Each structure stands twice: as structure tokens, then as C-alpha cells.
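*Asks:* Given the sequences, and given the hints that come with them, work out the whole structure.
If you read the protein sequences in the order shown, they are chains A and B.
Just so we're aligned, residue 632 is where the first sequence starts under the numbering used here, counting upward by one.
Just so we're aligned, residue 632 is where the second sequence starts under the numbering used here, counting upward by one.
The hints are simulated quantities; they were obtained by calculation from the structure and are not laboratory data.
Keep in mind it's a predicted model, so treat the numbers as computed, not measured.
Possibly wrong hints are sitting among the right ones.
Distance ranges between label pairs, derived from CB positions [stated by the list, open to error]:
(1) B/P1065 <-> A/D778: 33 to 41 Å
(2) B/S1109 <-> A/R893: 40 to 48 Å
(3) B/R1106 <-> A/D1093: 29 to 37 Å
(4) A/D778 <-> B/T1140: 51 to 59 Å
(5) A/L1178 <-> B/N951: 54 to 62 Å
(6) B/P1065 <-> A/N1096: 49 to 57 Å
(7) B/P1065 <-> A/G655: 50 to 58 Å
(8) A/R1044 <-> B/R657: 53 to 61 Å
The list that follows gives simulated cross-link-like pairs (lysine to any residue, SDA-like), each with its CA atoms no further than 20 Å apart [said to hold, decoys possible]:
(9) A/K1023 <-> B/D1068
(10) B/K1145 <-> A/S776
(11) A/K1061 <-> B/E1137
(12) B/K1119 <-> A/I1142
(13) A/K1023 <-> B/G1055
(14) B/K660 <-> B/V877
(15) B/K1119 <-> B/L1004
(16) B/K1119 <-> A/E1115
(17) A/K1119 <-> B/L1087
(18) A/K1119 <-> B/A1126
(19) A/K910 <-> B/Q1171
(20) A/K910 <-> B/I1146
(21) B/K945 <-> B/S669
(22) A/K1169 <-> B/K910
(23) B/K1061 <-> A/I1142
(24) B/K1119 <-> A/A1111
(25) B/K930 <-> B/K1119
(26) A/K851 <-> A/S776
Note that CB positions come from ideal geometry on N, CA and C, so glycine has one too.
Here is how the chains run, residue by residue.
There are 2 protein chains.
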Amino acid sequence: MTSRRNVLFIMCDQLRFDYLSCAGHRRLKTPNIDRLASRGVRFTNAYVQSTVCGPSRMSAYTGRYVRSHGSTHNGVPLRVGEPTLGDHLREVGVRCALIGKTHMTADEEGMERLGIARDSIIGVRIAECGFEPFERHDGLHPSTSYDPDPAYDTYLREHGFGAANPWEHWANSGEGENGENFNGWLLVHADKPARIPEEHSETPYMTRRAMRFIEEAEAKGEAWCAHLSYIKPHWPYIVPAPYHAVYGKADIQPPVRSEAERLLPNPIFEAFQQERYSKNFSRDEVRETVIPCYMGLIKQIDDQLGHLFDFMEKRGLFENTLVVFTSDHGDYLGDHWLGEKYLFHDVAVKVPMIVYDPRPEADGTRGTTSDALVEMIDLAPTFLDYFGGKAKPHLLEGRSLLPLTSGERTSLRNFAVSEYDYSGDAARLKLAMPVSDCKLYMITDGRFKLVHGESLEPMFFDLRNDPGELRDLGREPSAASDIERLRKMLMRWLALPNNRITVPDEWLTEIDDKIGHFDPIIGSGVLIGYWDEAELAKQQEARRRWLARRDRK
Amino acid sequence: MTSRRNVLFIMCDQLRFDYLSCAGHRRLKTPNIDRLASRGVRFTNAYVQSTVCGPSRMSAYTGRYVRSHGSTHNGVPLRVGEPTLGDHLREVGVRCALIGKTHMTADEEGMERLGIARDSIIGVRIAECGFEPFERHDGLHPSTSYDPDPAYDTYLREHGFGAANPWEHWANSGEGENGENFNGWLLVHADKPARIPEEHSETPYMTRRAMRFIEEAEAKGEAWCAHLSYIKPHWPYIVPAPYHAVYGKADIQPPVRSEAERLLPNPIFEAFQQERYSKNFSRDEVRETVIPCYMGLIKQIDDQLGHLFDFMEKRGLFENTLVVFTSDHGDYLGDHWLGEKYLFHDVAVKVPMIVYDPRPEADGTRGTTSDALVEMIDLAPTFLDYFGGKAKPHLLEGRSLLPLTSGERTSLRNFAVSEYDYSGDAARLKLAMPVSDCKLYMITDGRFKLVHGESLEPMFFDLRNDPGELRDLGREPSAASDIERLRKMLMRWLALPNNRITVPDEWLTEIDDKIGHFDPIIGSGVLIGYWDEAELAKQQEARRRWLARRDRK
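*Replies:* Have a look at this one:
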């Protein structure tokens, strides 16, 4: 094991926590991800901080809750100056690079106000959420609002897939039996193969780009953190052959839903049930067409990770590289009569989280699972900890997972929190809510789960007795005391944000010992509330004695 | 009235709301401030957002609560990129200048991380909390941690008051009868005159600097906002002749306190009662020595404002200048067995707030008082409104006061909030609290006041039946339902922060009309959850119809 350390931070997009064979999926086989789990710890209660790409990712990349970083919706720029994982890692000499998706929007207005040039090194980092953009690829390039320059398009053209928009025309469209080009955005075509040989589709392409980055960093002898960020299994639900045909409708699991969920549901739940995507995913035909494709996309990722892990193995990188496999949120896929994500049932708010910690200290936990409550914001402090950086609890709201991988601790916190702001959804208009009041909070202590929103009844689930979350107890008198308990927990969390980001706690505590002996501020000459010379002299004498004692030590 | 508009934003430091003759002080005479009140609206329930200089001022200068701007203690740098009053006013072509104190600490680390040079124009503004520093003067220059370069010191030296530290040696020391130099930091010397002729002391000096700024801006034909920010009546409690002898112990008002307040007080209240400054200010001798000086300092400010207002009158500036007179927090002065500020009794958390609005629309409210709940953060949006800028409710958490000065409305909000973080006080050690848990919140609906802190019993006052706040009802069963009501109000406030600062609400609402007719996102080519071509075609047709209807209009 060299003294140099690295981090490989793999994120999928919209991958449910339960769509891996190691997580109990009965038909999907993910042997490579399972292999990683067998060498690390698989967290079974990993919560994202928001149930939508951008906000969840901004939490991952800052180590801070959405209420702190303020990027509340997809497309809301992350404010300039919000410190990122990349900033913290650069401080300890680590190159922190992006290969794939971030869903970051740059705060152009803030940059202009601060006079930061977009094309300066610092400007590029700020615009890319703190990462060095080895390759940025958000994987959403509809022709109508087309970004003409993704490197992936150039790659496709170079390989013979020319088109005004090769991403859409080839990689994300479906091929008919007679060569038709079917619109890959439409769910009905999810059973068709993508119009491209597998090796040229996004997942293998991005995997090779990650290898390229690693080779380059290793050649330079750099410590690195590589964020390999796949767009898949996120829609467009379309996968190249042979993966379009690996799974069929016999392989999909039955939907988790009950008729009771449609009977007087909580108004926010009802509003999302009424969305087109929810109505469609509530139909068997849709599930049976899309889910096999979704599984194929995961299978493809697993195969690609097999190549990547072999590549790392050959180079001895498993000896000094901490590897994380996770996702930015889940996908309802028709469970609870919903499609997409946004709300807080486990299938949306929980993600896979596998942490392979190469240190010998972690040998005792290899292949285990942990049901500790962990949060996506734990990754940034985990990486900083792994690289030997000083903890920044005033800033990073998550906690290092290393005490869990080393077996030193079995839990980190009493509750996990997630947020979603529905002011950008039709639900705001349906519920006639002002924009300001659309913030939803989920809090769980592992046993119960509360969803709190302004002017809304609570949603409340007993996760032990109702793991499928089919019975909302929000109106049950018998649940009132538990609801109140979780509401108090939420209030505590709301009342204690980490907003003092410019100075650490030590800035306050370094004078603690002095305070017991004298008024420490007199050292600065600021004398508050002293009556006369005699009173001041006593404090000055106490100070002299304390300083002399300290100097003797 | 010219079409150009200006704002004169006068702030005192540590001036209680009730130490003005217009506010009912029985002996102190402040005819010039009263004159301003007679031409404007005097707000009797104006709350600061924190009871200590720095955090309160950062709220004033950003229009945001402390939980939002994060400068929780004196000396905690305001994070780079936090948008300020100066930023908003510059956008509408207004020069926003500082003359006096801000208590700002620059976020040097943040500036370095973003590559912003400290000596660039933008760098200077960021370091000065968004202001152009026409003259920065924080008025706290103890010799031991001496800033050798305040312009005021140069001024003193030029006028014959040479010393290593002329601010301390002359302007803030007391003159004995036999020429002795008494330490002005000590309360016992508050009855002595400062060692300097009145015209050279800080208040008249700063007043002249404000006139100088106004002359300069007027000569250039600029619209301006001048923040005239006096250090006084803040300590060192020392005032030049004749003001040291204008008031005597017969002029001071009896302390507002009761023996009951010392009998099993709330632990946080008890901890602050035990501070040296509190014990000293609980002694009659101290109050009788210091308060006449405090009153003299206010009297001096009033006289100087007389000169300033005459100066403005001569130039016709009352025709187009909105004038605010306020303070950053109060001073216990022995009330409630406390000295200094920090806690939330009205004498600490309420401030004078007089708003002179020159517009004819405000003629109907001249000379009136308003008991509406207003907050210090209302000033920034008031100024922006006055200059015709677009409201920024996603960013500015206060509200313009102009609907109150124009008589259009009589109230703005149902509650006011203030915050104080006691992790920098001995109270944290006394109560054995972790740094993270030391945030205190005050919320009042005008009738009741709740103080909430983690792991603390509530403090609770009935402001109508106990205006002196002598009976803490926090443990009274009869108050339980009102306590709960205010706690819910606080939870609502905590749950709905304005954290999405990079885009306005319109970013979300501009598609509201579309949403009623079609899926607006299809315009971008991103197609979420459509089953097939037919379903998509319907939406596209609905979109075409909507666009055609819009174009016909």
C-alpha cells in the first residue's frame, strides 16, 4: 500500500436502493457491485438530502443540507462561495475531478457581482460545483434546447454516428425491427434497443473516461478523488442490445401499493398521484415495458463496473482507494401509485450506499451490512477524513463514515433528514400554496418516518410494522405522540443549522480554559463592565498567573 | 423635489428604544430626533435580529436573518457572496457609502478561495459589507490590539492630540480635576469629561464626515445612500464637556427589575446575571455614574443631528431624502439585574426606529407612531423600494416599510424574530452546552414573547399584562397553550427560510398559466413520463393552442 490515497466516488442517477442483487432484488443480478459490497460495508438505511437530482447532488458535493446550500430545485444555481468537496480536498492536496453528471448550474450573476471570470481556473471550478471538469456530461440533451458541444457527441460523430444531435438521434433513441428511429423519451419504446452498439453508449463511454482520468492522475503521481457519475438508469429509459432483452416482464417485482393509498390520501400525496408520470407508472403495461429496461441499464452499469474494478485490481488500486457506490435518489416505478421521485417513501429517498474502505482497520467489517442511519452528506466528510484532512463540523453537516467501516461505532446519528420543495410542481397550484410555503421535510429515526409541510397534515409511517409504507398514520390518534416526538426532533434540527461557515468551533472554544480563570477579552484591551482599577487589576493578575502557569508547562 | 432620491441611514450603537424624549424618557431631551419623529413615523415595536453589534448589523446590511447570513458572533466574517444592501442599491444606480461603524470582519479565506484581490474595487466592497468605505470607523481601538491607521487618529494628531493611540489617550479617556488621565474603559470614570474639546470627539467628527460625503455626492449629482453609523452611546462610556455634566443621578430612571427575577431564574437568565457587567450594573453606584454619561452621549448625538438636519434643510435635502434613525440593539443598564445586551428583554432587543419618508404619499402619517411589528431587516427592502428597485423577497427577508409610512397598511407581519448565539459566552460553560446547541430564538406576536433554546425551559412574557417583563411565565401551566402557539409560529419560521437566493420566485411562477393548459417542460424537449406518441401529441397540440392564443393577445 503506497502512502498516497485515492477516492473513487461512483454515483448512479435514479437508482433505487433495492435494485441490486446484494440488496435483495430477486431477478436482477449485479455480481460486480455485489463483489464491492462483499469487500466493504453496505448501508441499508442511506438517505439522500433531497429526492431530486440537483438539490441531492448539491448536498453530496457540499456535505450540507439543502436548507444550507439553497439550491432547492433542479436548475437553481449553487450560490458562489458555497464551499465544496473539491475545495476541501484541494486544501489537502487532492485532485478532485468530475467524470459525468452533476446537474450543476453556475451562479453567473454571483460570479459577475464578485468579478470572477467564467474562464479562469477558479471560475471554471465554481461553475462546476468545485470539481475539475475532466468531463462534464449531464446526459440530457434534447434537440430543442441543444447544447451543441458535449464531448460525447464528438466521440459519437468520430465513430460514425453523425447527426445534428447524436446523443438523441443515436444513443437515446430506440431502433425498430425495420430500422425505425423511435423516440427514446417515450416509455412505450423502452423495450427497444438503443440505436448504437453497446460499447459506444454512455455508460461504457463514461467508464472508459474514468479509467483515462485514473491513468493520467496515476502517471502524474497525484492523489485523486474521481467522481464517476453515470446518468443511468435515469430516463430516457433506453438501453443498447443486448441489455434491452436481458430482463422481461416475468422478472419485475410486483408494485408496492394498496387501494387504501388512493382513498383520501394526504393532499400532497394525492397531487403527485395525479401527475401524468404517476398515472402511467400505475399501469401494468407501462411497468412491464419500462422496468425491464431499467434493470438492463443497471445490469450494464454492473458489467462496466466489472471492467473498472478489474482495471483497478491490475494496478493495485484497491489497496489505497476508497470506493463508494451510490445514487442521487430512487425511482417510484409505480410503487405507491407514483412515478419519478419527489416524495419520501423509501423507494425514492433511500439509495444504495456501499463503502469499500481499503484500510486494514476496516478488515473486520468487510462484507457486512449496516443499518445505521447514514446520509448522502456523510460522503464529503468521509473523503476528507480518509485523506487525513481536519474535520469541519461547522461547515460539513454530515459525518465521516470511517468510524462505521472500522467498526469503531455502530451508529452516527439518531435521525436522518431529507427536503423537497414542491413550488416548481403542479402540486403548488393544486394545493393553492404560496411559493414560500412549499418546503417539505422528512425526518426518520429509523423506526418511524414523518413528512412535515406547512399547512399540511403530517404523513407518518411505522417502518417496523409497515415496511412497505402502505398505511399513512398521519391522522391516527394512536400515532399522535410519536408524531409529536419526531416533530420535536425536526424542530431541533431546524433550530440548529450549521450557518457559521466562516470560522470553526475552535474559534469559540480555544479560550475555554482561560474563561475558568480570568476574563480572556482583557488581553485585547477591550474592558467590558469593569467598575474600577482595583477590579481590573485582579483580573489582570489572574491573567498573569494563568499565562505563567501555561508557560511553565 | 428633484427626481433624484437619497437615503440617510443613521444608526447609533447600543441606544435603547426608550432613551429619547419622544419615546417617553422623562429627563433626557432630544429635540432634534423628536423633530424627525414629528415629520415621520416612529415605530414603537422595532426589533433587531440579534442583540449584539455584528450579527445585528449584518442583518441590517443584508436584509436577512442571522440564520441566513451566518455571521453569528462579533468577529465572525460575513461569508463572501452574501448579497448586501450596497449590491442591491448599486444595481439601481445608487452610491451606497459608509461613514462610521459596521463591525464587519472580512472573509479573507473566502476571498482567497475565490481569487478576489483585497485591494480591488470589488474586494474592498466585499470586505466592507457591500459599502463604499467613505470612512470606516468602528470606534474600538484599544492600545493592546491597536489598529494604527484610523483616519480619526490622523485627524486628532493634526489637531494637536498626539499620542501612540490618540483615540484612547484623548478621546476615550477621562480628564481628572488635576489633569489626570483616567482609564475611560472603567465605569467609575464615566462621570469625567473626555480629554478632548467636544468638537473633536467622535460624534461631531463623524457628523462632519457625513456632511462631507453628502456635499461630494451632491456635487457629482449622484443618488446616494449614506450610512451614518455612530459608535456612541456604546462604551467606552465617556463624553466630552459639557455633556458629561448635563445629566446627574437625579435624572436617571429607576431600574426595571424585581426580586422575583433572581429567584430560580431560567438558567440562561441566571448565567447572564452572574456576569461581571451584570453584577456591576445591578449596583446603584454604577448606574448613577454611568447612566448620566450614557444620556450625555445621546444628548450630544441629538445636538449633532440638529446640525446635520440644518445642513440638509438648507440644501433642500428633506425634499428627496428618506431619513432613518435607529440603533443596532439596546443596553440593559441594570434592568433585570443585567448589564450589556444579549438576552431578549425589550430594553435589549427593541430599538428606536424613526422613518422620515419625504414622499407626499406619507403626508398623512407625519408625526404619528406605529405599533406594527417591524424588524431591522425591513430597512434594506425599504431603501430598495424607495429607490424604485424591484422587490427581492427570495433574498431580502424583511419587508418595505413604505406601505406603513404611506398609511396604505397598518401592519406587515404577525411576528418578529431575533437570534442570539451564546456559544461565545461563559454561559455555554456554565450550562455545559455543546457549541452547536447555543442558539437562542426570540419570537413575539406583539402580545406575548417566547425565548426558545435547545435543552432550556422556555422564557415567556405577557407583554400586555407585564410590560416590564418581570414575570417569566415559562413554567406556568396557565401559559402552556400560548407558549405552544408561539412555538409553532417559530417552527413555521424555522421551516421556511429564504435560502434560494440565486433565483427569484418568478423563476418558478412564470409558467403558472402554462401549467393549467399543458406540460410546460415539453418546450425544452425534455419529455417526462409520456407513454406514447399519441399522448405526447395531445400535449404538443395543447401547447400550440396556448401559444397561438398568447400571440393573438
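*Asks:* Checking each numbered hint in turn, tell me which of them this model violates, lowest number first.
*Replies:* Violated hints (numbers, rising): 1, 4, 6, 7, 12, 25, 26; every other hint is consistent with the structure.
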